[in-house]
Amino acid sequence: MTATPQSIEMLQIAANAADSKGGDDLVALDVSEPLPLVDIFLLVTGRNERNVAAIGDEIEERLLAAGHKRLRREGRQESRWLLIDFGDLVVHIFHEEERNYYGLERLWKDCPVVPFEIAAPASAE
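Numbered per numbering that gives the first Met the number 0, the sequence shown spans residues 0 to 124.
Worth flagging that the hints you see were computed from the coordinates, not collected in a lab.
Note that beta-carbon positions come from the ideal geometry of N, C-alpha and C, so glycine has one too.
Only true hints are included.
If you anchor each label on the Cβ, the simulated ranges turn out as follows:
id : residue 1 : residue 2 : range
1  : Leu-82    : Pro-35    : 14 to 20 angstroms
2  : Glu-116   : Glu-48    : 27 to 33 angstroms
3  : Asp-109   : Pro-4     : 19 to 25 angstroms
4  : Gly-66    : Gly-102   : 32 to 38 angstroms
5  : Arg-49    : Gln-5     : 29 to 35 angstroms
6  : Glu-96    : Asp-56    : 19 to 25 angstroms
7  : Gly-102   : Ala-64    : 31 to 37 angstroms
8  : Leu-70    : Thr-1     : 19 to 25 angstroms
9  : Leu-82    : Gly-21    : 17 to 23 angstroms
10 : Tyr-100   : Thr-1     : 26 to 32 angstroms
11 : Gly-66    : Glu-95    : 29 to 35 angstroms
12 : Thr-3     : Glu-96    : 32 to 38 angstroms
13 : Glu-32    : Lys-68    : 21 to 27 angstroms
14 : Arg-105   : Asp-23    : 16 to 22 angstroms
Pairs of lysine to aspartate or glutamate, EDC-like flavour, derived with a Cα cap of 20 angstroms:
id : residue 1 : residue 2
15 : Lys-20    : Glu-116
16 : Lys-20    : Asp-56
17 : Lys-68    : Asp-56
18 : Lys-108   : Asp-24
19 : Lys-108   : Glu-95
20 : Lys-20    : Glu-60
21 : Lys-20    : Glu-96
22 : Lys-68    : Glu-8
23 : Lys-20    : Glu-59
The whole structure should be built from the sequences, with the hints applied where relevant.
So this is what it looks like as structure tokens:
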């Protein structure tokens, strides 16, 4: 199995939302082979708890506006590791310490990376 066009569209929306709020080190992994109910994990690093929360809020707002349904959200209160589940796309937003400690990239190292593009900021002309 591979990621579906819908999950790739969701990834693009989420990646651009994360970038707009200063998300760092974005990595998307195609986890559809080992996890039949999920296509893509998007991993994002935030600078601090407020940044993690802001990134999560922006991703959630944009995906909901695009008509996607959030299934669950965990970790908002502490904002050290925020997980937002949109079914085909699961977004993990980490504080830098948690990202290093849990090392999801190492855990899912056999899964292919899913390419995505970050939109260039609109010029002020």
